[in-house]
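**Student:** So the chains spell out like this:
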Amino acid sequence: GQNIDQPTEMTATEGAIVQINCTYQTSGFNGLFWYQQHAGEAPTFLSYNVLDGLEEKGRFSSFLSRSKGYSYLLLKELQMKDSASYLCAVRGDYNTDKLIFGTGTRLQVFP
Amino acid sequence: NAGVTQTPKFRILKIGQSMTLQCTQDMNHNYMYWYRQDPGMGLKLIYYSVGAGITDKGEVPNGYNVSRSTTEDFPLRLELAAPSQTSVYFCASSYSGAVETQYFGPGTRLLVL
Chain A
1 GQNIDQPTEM
11 TATEGAIVQI
21 NCTYQTSGFN
31 GLFWYQQHAG
41 EAPTFLSYNV
51 LDGLEEKGRF
61 SSFLSRSKGY
71 SYLLLKELQM
81 KDSASYLCAV
91 RGDYNTDKLI
101 FGTGTRLQVF
111 P
Chain B
1 NAGVTQTPKF
11 RILKIGQSMT
21 LQCTQDMNHN
31 YMYWYRQDPG
41 MGLKLIYYSV
51 GAGITDKGEV
61 PNGYNVSRST
71 TEDFPLRLEL
81 AAPSQTSVYF
91 CASSYSGAVE
101 TQYFGPGTRL
111 LVL
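As given, the protein sequences belong to chains A and B, one line each in that order.
Under the working numbering, think of the first position of the first sequence as 1, with each following residue one higher.
Under the working numbering, think of the first position of the second sequence as 1, with each following residue one higher.
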């Protein structure tokens, strides 16, 4: 079967670092994606990992371990505007680009 | 370049009514998708298309139909609306092989009463 697990909610303080974990069990794997979704808005692309290791993009980093079926999104120097849901998604089939989404992690950043 | 556009933004339907959710993209993407997102949940794939004239079912296709007569448009049809179809519907598109994968439209909020 296909299963992607993320924590439902997390809280953090402005300026801090937070790590959002994602574990997956899918019948195929061709990349893992993180999306950010503010309340009432569409998801927007944050990062992509297809090989093991860390990908860094400014304040955001994403890590992948394919052997463990595990990824995390690391957000540094948190800002109030980072309060949003963070969706982990796996692409199982390269030929169609279909994504399987987790239920998302709602992050609240407090001053 | 408008990206992915969806109409309407919000709609209230009565049980048993039908409607079409419109989706258009101007990026010449060959792949297009319809998702639904229930409150506090992730996105579930309803239907997808890898090119004009080609469509296929996703995870939750029951109660919906699609067509893809052009590269740009991918309408989603609800024939007999049910309360279980109350959700936010997102259309997305991508270009085959693109690393950044799917671009999403702003969504259509549908309430079935």
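Careful, some of the hints might be misleading.
What the hints assert, rightly or not - Below are the DSSO-like pairs computed for lysine-lysine, each with C-alpha atoms no more than 30 angstroms apart in a straight line: (1) K81/A x K57/A; (2) K9/B x K81/A; (3) K57/B x K81/A; (4) K44/B x K68/A; (5) K44/B x K57/B; (6) K76/A x K57/A.
It is worth saying that the hints were derived from the structure and are not from the lab.
**Student:** Identify every previously stated hint that the structure contradicts and give their numbers, smallest first.
**Tutor:** Hint check: 3 fails alone, others pass.
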